[in-house]
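Could you put the whole structure together from the sequences, leaning on the hints where they help?
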Amino acid sequence: MRLSGHKIAVLMESDFYEPEILYYQRRFPEEGAEVHFLTRLWGAERITFHGHEHRMPFTVTESFEDIDEFALKEFSAVIVPSGIVADRLRYTEDPEQLPPAAQFLRRAFADPVIVKGIICHGMWLAAPVPGLVRGRRAVVHNNLLGDLRNMDGIYVDQDVVVDDDLVTGRTGEHCHLFARTIIELLASHPRGLPASSWTTPRLTGQPPAAALP
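In this note's numbering, the protein residues as written are 53 to 265.
Treat the hints with caution; some may be incorrect.
Label pairs and their in silico Cβ distance ranges [as the list claims (entries may be wrong)]:
| # | residue 1 | residue 2 | range |
| --- | --- | --- | --- |
| 1 | 243 | 146 | 35 to 41 Å |
| 2 | 96 | 155 | 18 to 24 Å |
| 3 | 245 | 96 | 36 to 42 Å |
| 4 | 81 | 244 | 21 to 27 Å |
| 5 | 98 | 147 | 25 to 31 Å |
| 6 | 245 | 98 | 33 to 39 Å |
| 7 | 123 | 75 | 22 to 28 Å |
| 8 | 74 | 165 | 24 to 30 Å |
| 9 | 118 | 204 | 31 to 37 Å |
| 10 | 149 | 93 | 16 to 22 Å |
Source of the hints: derived by calculation from the structure; they are not laboratory data. Since this is a predicted model, take the numbers as computed values, not measurements. Every residue, glycine too, gets a C-beta built ideally from N, C-alpha and C.
What follows is the structure, given as structure tokens:
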């Protein structure tokens, strides 16, 4: 199994896109990886969220707020999914403080060994910390083109884009291509090395892209 020993974190909240989350729940373990769905538990032991399309329930028992620097390094990838998950997660009680989920994402970005996967509207979670994607190649849902430009990201018209340790996907319907790219990246490169040191070609499976001005 190509991803044996790998752990993948998927952030969760309500209004998730059911086919995408179910795909991750099954596909990554098929390759041997552990999948951990993380959220902000607000002091509870568990929270049951509901999907956007069919109101499917999904219970989460793990909090990203409990993950210290050592536990974070155990993850090979952190994924921000599509739907309204990112918008719900970027809530903060104190306007002077970053949302806890954005703080977690910033910590993941600070470690070049961890693959960061952001798909569709997931880019909303990076908006409070625009420097995360400044100057980086990415694709987002068309509704977020302005957001990406405001963060000084470089839009690339491909379904999946790889920029070193950042993998982005166009929409939740592209979750299979997005997940496959992450699987191939993790399976084909040594663990513990930053993505900038990888010498194999970027795995987008797409023709050369055109960047918008």
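Quick rundown of the hints versus the structure:
For the hinted restraint 35 to 41 Å between residue 243 and residue 146, the CB-CB distance of approximately 37 Å keeps it satisfied. Checked against the hint of 18 to 24 Å, the C-beta distance between residue 96 and residue 155 comes to roughly 20 Å, which is consistent with it. At about 38 Å, the CB distance of residue 245 to residue 96 agrees with the hint of 36 to 42 Å. As the Cβ distance of residue 81 to residue 244 is approximately 22 Å, the hint placing it in 21 to 27 Å holds.
Between residue 98 and residue 147 the beta carbon distance is about 29 Å. The supplied range of 25 to 31 Å therefore holds. For the pair residue 245 and residue 98, the supplied restraint of 33 to 39 Å holds, since their beta-carbon distance comes to about 36 Å. Judged by the Cβ atoms, the range 22 to 28 Å given for residue 123 and residue 75 holds: they are separated by roughly 25 Å. Between residue 74 and residue 165 the Cβ separation comes to about 28 Å, which falls inside the hinted range of 24 to 30 Å.
Distance hint check for residue 118 and residue 204: the Cβ-Cβ separation is about 32 Å, which falls inside the suggested range of 31 to 37 Å. A beta carbon spacing of about 18 Å between residue 149 and residue 93 agrees with the range 16 to 22 Å that was offered as a hint.
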